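A.B. asks: Full structure from sequences and hints, please.
Just so it is clear: in the sequence shown, position 862 is 862 by my numbering, and no numbers are missing.
There could be a bad hint or two in this list.
Computed cross-link-like contacts, DMTMM-like style, restricted to lysine to aspartate or glutamate with a CA-CA straight-line distance of at most 25 Å [claimed, not checked]:
(1) K723 <-> E757
(2) K889 <-> E708
(3) K596 <-> D538
(4) K201 <-> E140
(5) K271 <-> E167
(6) K143 <-> E708
(7) K271 <-> D215
(8) K862 <-> E887
(9) K747 <-> E708
(10) K449 <-> D421
(11) K233 <-> E670
(12) K228 <-> E167
(13) K747 <-> D238
If you are wondering where the hints come from, they were derived from the structure by calculation, not from laboratory data.
Keep in mind the model is a prediction, meaning the values are calculated, not measured.
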Amino acid sequence: MIKNWTLYFIILSLFPVLFFSQQQPKEFVSKKDSLLPGTATSVSFTIENMTSENKVYDFRVETSGQYIVPIITKSEYPVLAGQSSVYIVPLRIAAECPQGNYIVKLYGKEKNNGDPIIKSLQVIVSGNKKLSVTAINSPEFVKAGETINSSFLLKNSGNITENLLLESKNAVVDNGSHLLLQPGEIKIITVSKSTSPDLGKNEYFNLNLSVSSVDNPQEIQTVYTSTKIISIKPTEDDIYHRLPISASLSFIGMENRGIYHDGFQGEIYGKGSLDKENKGQIEFHAVTKNPVEFNSFTQYEEYFINYKRDNFFVHLGDKTYTSSYLTEFARYGRGAEFRYNFKKFSIGSFYNHPRFFRDVKDEFNIYSTFKLNKESEITAGYLYKIPRTEDVGFSLNGLKLDSNAQLPYATGKFKLNKNIDVSGELAYSKTDRTEGSAYMMQVLGSFEKFNGNIMYMRSSPQFAGYFTNTSTINGNLQYKISKRLNLFANYVQDARNFKRDTLFLAAPYRNYLQYGINYKYSKKGSLMIYNGYQKYQDRLEPRQFDYYERFVRVSVDQQIGIFQINAQSQFGKTENYLSDFTGNSSFYTLNLAFEKFKTSFNIFGSYAITSRYQMQNEKQIYYGARILSRFSNDTSLSIFYQNNYLPEEYYNDRNLFEIVFHQQLLKGHEFDVSGRYALQRGQIGNKDFIFSLRYTLRLNAPVQKIAEYTTLSGNIGNLGTKKIDGIRLMMGSHLSVTDKNGNYIFKNVTPGDYLLEIDRSTTEINDIADITLPTQVLLTNKENVFNFNLTTAANIQGRIQFNESSENNQLSFAHFQFNKEKKKRESIIIEASNGEQVYRKVGFLGENFDFTYLRPGTWNVKIYRNGLDKRYKISMDTFSFTLNPSETKDLIINVVKQQTEVKYQQESIKVGYNEIKKRK
Numbered sequence: 001m002i003k004n005w006t007l008y009f010i011i012l013s014l015f016p017v018l019f020f021s022q023q024q025p026k027e028f029v030s031k032k033d034s035l036l037p038g039t040a041t042s043v044s045f046t047i048e049n050m051t052s053e054n055k056v057y058d059f060r061v062e063t064s065g066q067y068i069v070p071i072i073t074k075s076e077y078p079v080l081a082g083q084s085s086v087y088i089v090p091l092r093i094a095a096e097c098p099q100g101n102y103i104v105k106l107y108g109k110e111k112n113n114g115d116p117i118i119k120s121l122q123v124i125v126s127g128n129k130k131l132s133v134t135a136i137n138s139p140e141f142v143k144a145g146e147t148i149n150s151s152f153l154l155k156n157s158g159n160i161t162e163n164l165l166l167e168s169k170n171a172v173v174d175n176g177s178h179l180l181l182q183p184g185e186i187k188i189i190t191v192s193k194s195t196s197p198d199l200g201k202n203e204y205f206n207l208n209l210s211v212s213s214v215d216n217p218q219e220i221q222t223v224y225t226s227t228k229i230i231s232i233k234p235t236e237d238d239i240y241h242r243l244p245i246s247a248s249l250s251f252i253g254m255e256n257r258g259i260y261h262d263g264f265q266g267e268i269y270g271k272g273s274l275d276k277e278n279k280g281q282i283e284f285h286a287v288t289k290n291p292v293e294f295n296s297f298t299q300y301e302e303y304f305i306n307y308k309r310d311n312f313f314v315h316l317g318d319k320t321y322t323s324s325y326l327t328e329f330a331r332y333g334r335g336a337e338f339r340y341n342f343k344k345f346s347i348g349s350f351y352n353h354p355r356f357f358r359d360v361k362d363e364f365n366i367y368s369t370f371k372l373n374k375e376s377e378i379t380a381g382y383l384y385k386i387p388r389t390e391d392v393g394f395s396l397n398g399l400k401l402d403s404n405a406q407l408p409y410a411t412g413k414f415k416l417n418k419n420i421d422v423s424g425e426l427a428y429s430k431t432d433r434t435e436g437s438a439y440m441m442q443v444l445g446s447f448e449k450f451n452g453n454i455m456y457m458r459s460s461p462q463f464a465g466y467f468t469n470t471s472t473i474n475g476n477l478q479y480k481i482s483k484r485l486n487l488f489a490n491y492v493q494d495a496r497n498f499k500r501d502t503l504f505l506a507a508p509y510r511n512y513l514q515y516g517i518n519y520k521y522s523k524k525g526s527l528m529i530y531n532g533y534q535k536y537q538d539r540l541e542p543r544q545f546d547y548y549e550r551f552v553r554v555s556v557d558q559q560i561g562i563f564q565i566n567a568q569s570q571f572g573k574t575e576n577y578l579s580d581f582t583g584n585s586s587f588y589t590l591n592l593a594f595e596k597f598k599t600s601f602n603i604f605g606s607y608a609i610t611s612r613y614q615m616q617n618e619k620q621i622y623y624g625a626r627i628l629s630r631f632s633n634d635t636s637l638s639i640f641y642q643n644n645y646l647p648e649e650y651y652n653d654r655n656l657f658e659i660v661f662h663q664q665l666l667k668g669h670e671f672d673v674s675g676r677y678a679l680q681r682g683q684i685g686n687k688d689f690i691f692s693l694r695y696t697l698r699l700n701a702p703v704q705k706i707a708e709y710t711t712l713s714g715n716i717g718n719l720g721t722k723k724i725d726g727i728r729l730m731m732g733s734h735l736s737v738t739d740k741n742g743n744y745i746f747k748n749v750t751p752g753d754y755l756l757e758i759d760r761s762t763t764e765i766n767d768i769a770d771i772t773l774p775t776q777v778l779l780t781n782k783e784n785v786f787n788f789n790l791t792t793a794a795n796i797q798g799r800i801q802f803n804e805s806s807e808n809n810q811l812s813f814a815h816f817q818f819n820k821e822k823k824k825r826e827s828i829i830i831e832a833s834n835g836e837q838v839y840r841k842v843g844f845l846g847e848n849f850d851f852t853y854l855r856p857g858t859w860n861v862k863i864y865r866n867g868l869d870k871r872y873k874i875s876m877d878t879f880s881f882t883l884n885p886s887e888t889k890d891l892i893i894n895v896v897k898q899q900t901e902v903k904y905q906q907e908s909i910k911v912g913y914n915e916i917k918k919r920k
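C.D. replies: Below, the structure written as structure tokens:
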């Protein structure tokens with residue numbers, strides 16, 4: 001009796017169930033709780049015997065699902081007279097049992113009179129998502145140009161069909177981006193990445209696979225593998241620190257106003273650091289005299305060199321020298337400049353002999369800057385000008401420097417807060433006869449929806465700085481109403497009198513205001529409408545234009561496919577002060593740009609009816625095109641044509657036709673051919689022809705030796721191979737072959753990190769090094785030694801043996817197979833490792849496996865279940881042994897079914913309760 005109670009207690013522990021009183025008239029079990037797949041559980045039925053006789057029933061159990069299996073399908077069960085009893089049905093829920101509702105039915109038949117009894121119960125199997133992603137195979141290294149192939153194992157251990165998204169951020173998923181994985185199904189996913197054969201340095205590449213569900217894309221599983229890519233064309237580190245230098249020789253020809261000139265012009269330019277720490281920066285440029293008349297398409301004679309290190313800067317030679325905006329904004333000349341920066345302040349000075357300005361012979365400047373904080377500073381300086389004593393001829397503003405001029409000045413820029421910046425300048429000038437002053441103020445503001453700036457400058461009539469007797473104001477405002485709509489306004493009033501270099505002509509005097517809206521109606525289109533006025537006046541005599549114009553302009557930008565289109569229309573009323581009449585001015589412009597076949601095209605055209613110039617309602621047509629073709633990285637061709645230009649642009653050199661061809665012959669050797677028809681600055685109709693043939697040599701000149709060449713030598717020992725001579729070793733771009741004793745040497749190698757490897761075509765097919773190859777070698781010493789041995793490879797082979805044995809008189813979980821279950825290929829993961837190398841394979845029950853070309857030594861083989869059914873047991877999951885050269889190790893991996901004995905109570909158990917009466 002005690003034994004029976006003990007067994008019954010075990011059953012209750014394994015298969016929990018609810019018990020109620022005998023007096024409950026109906027079934028007391030309602031299994032509405034969700035059952036978990038992959039577990040064993042139980043359900044219970046209430047059996048009532050309201051007669052006066054004992055009864056014995058023969059019970060059998062059936063379920064509506066093939067994955068829900070009764071552990072005990074048939075049994076005999078007694079029920080005492082006038083009693084209720086509980087019949088327990090143990091069930092096994094397979095891991096792959098789909099989510100849903102199922103019916104468990106109990107069929108019974110009384111042994112004596114054959115009375116039937118049928119009871120049913122609904123059970124719910126809950127959903128279980130269990131997806132695993134494992135990296136199972138990835139190469140330790142590949143050579144540049146080869147493809148990295150990594151394998152990942154996907155297993156659906158849940159009971160829900162997974163609709164998966166497969167993605168790799170840096171590689172290609174060979175199986176596609178979508179996968180439907182059934183419950184219990186296993187899939188091997190291959191991810192590949194092609195490597196560049198031009199890789200200059202060895203590097204590691206991390207390949208990844210991300211797996212997520214279509215229904216829940218936020219839950220992502222990402223697995224990484226790492227592979228070393230070995231460069232086959234390594235760019236070796238230089239033992240010299242080098243300075244980039246280009247040298248060129250040009251032959252230039254020009255026909256200017258019917259007169260032809262030609263000649264050679266040389267140029268050399270270099271810029272870079274003089275040390276490997278990049279602290280000493282140097283720049284130099286030398287251009288010989290121009291053989292033809294100077295224009296913006298040819299270079300003028302120039303010589304300079306500058307050097308900068310830490311806080312020190314010095315410049316010798318030609319450049320545009322600047323003291324301040326008011327005193328000397330931009331003056332090209334030949335001189336010297338010095339500057340030194342301390343922690344909070346800096347000092348500097350320059351001397352300049354202007355080359356293209358008639359008034360000034362020499363000028364000297366000294367200044368000091370004090371930093372208030374990172375973005376605010378104050379500068380005080382002094383500029384001294386010495387005039388030319390000879391007749392300087394024409395001056396733009398009619399004012400000439402007649403004596404030495406002293407110009408003290410002070411500038412400052414301040415960041416008031418994160419939105420507002422203020423800058424300004426005060427200057428004073430004194431000569432032997434005159435005194436003058438000037439000031440300038442600028443404010444910039446930037447807010448979330450509003451930004452703008454305004455600048456005002458004024459100089460007195462006798463001020464001897466860059467500006468004289470003039471004022472200027474300009475500013476712009478922009479207000480962002482929304483992401484698509486902006487309001488804007490611009491105002492410009494040029495300075496009239498300023499002392500510009502005579503090498504270039506001055507742009508026309510402008511005074512204009514324009515304001516409008518900019519509406520972005522789509523991602524690829526915008527509309528701009530603005531209104532305003534403009535005044536243009538020629539600074540040269542005789543004047544070509546002088547007018548005041550009010551206008552309305554509409555501009556549309558639209559991208560259609562590969563085409564970028566810009567269309568503009570302008571309608572205005574023009575007052576022509578030069579010819580003393582009033583008329584209309586209308587412009588219609590179309591610009592079309594696109595790129596195809598490595599070639600960019602830009603086509604434009606403009607039609608105008610204008611009253612700006614000599615005639616009223618004069619018709620003008622402008623059109624042209626630019627084509628730029630990049631045939632390859634070494635070859636390009638550019639062609640440009642424009643029929644004419646607006647008269648307002650005649651102060652510039654203007655291209656009418658241009659063709660430029662560039663070809664890189666070899667690395668560091670370039671050849672350029674160019675030819676152009678152009679209108680020179682100041683000319684309206686005289687066209688000049690210019691052509692140039694140019695050869696350029698680019699080189700890196702050694703300026704500092706930063707390392708010494710090294711050598712690597714060593715010996716390959718023989719551990720049972722047929723030969724050790726004639727073996728080719730590779731290290732970067734270096735090659736070496738062993739002699740009859742196995743010795744090798746690499747000479748004149750740049751210090752650095754390399755991979756040493758063997759060319760296996762020069763060894764026997766089964767020969768293997770006793771170290772992992774390729775192996776990393778770091779060459780730092782002048783002489784380096786690296787020895788290793790050559791032996792013969794070993795192998796591991798075996799079989800996964802599946803055993804299914806049990807005694808006939810026992811009831812075992814394994815006995816109860818699903819009647820309609822599809823047979824699933826159970827698998828395990830086999831891992832072989834020697835501490836440095838790890839190999840993994842997926843093996844299926846009843847099949848063979850092998851690992852070949854293994855290095856002799858101690859190896860460990862570990863078996864992982866890989867979601868193996870819980871009913872199966874791996875008898876031994878770890879093996880450790882030593883592999884000898886040429887040995888083949890045989891392994892048997894035994895997988896057996898676990899047997900669980902189930903016994904149940906043969907006698908009925910009465911379940912009741914006692915009523916406790918309340919006592920007063």
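A.B. asks: Each hint should be assessed against the structure and marked as holding or not.
C.D. replies: Against the structure, the hints:
no.: 1; hint: K723 <-> E757; result: 17 Å, holds
no.: 2; hint: K889 <-> E708; result: 49 Å, violated
no.: 3; hint: K596 <-> D538; result: 42 Å, violated
no.: 4; hint: K201 <-> E140; result: 17 Å, holds
no.: 5; hint: K271 <-> E167; result: 46 Å, violated
no.: 6; hint: K143 <-> E708; result: 28 Å, violated
no.: 7; hint: K271 <-> D215; result: 58 Å, violated
no.: 8; hint: K862 <-> E887; result: 20 Å, holds
no.: 9; hint: K747 <-> E708; result: 12 Å, holds
no.: 10; hint: K449 <-> D421; result: 17 Å, holds
no.: 11; hint: K233 <-> E670; result: 24 Å, holds
no.: 12; hint: K228 <-> E167; result: 22 Å, holds
no.: 13; hint: K747 <-> D238; result: 15 Å, holds
The structure does not agree with the numbered hints 2, 3, 5, 6 and 7 stated previously, though it agrees with the rest.
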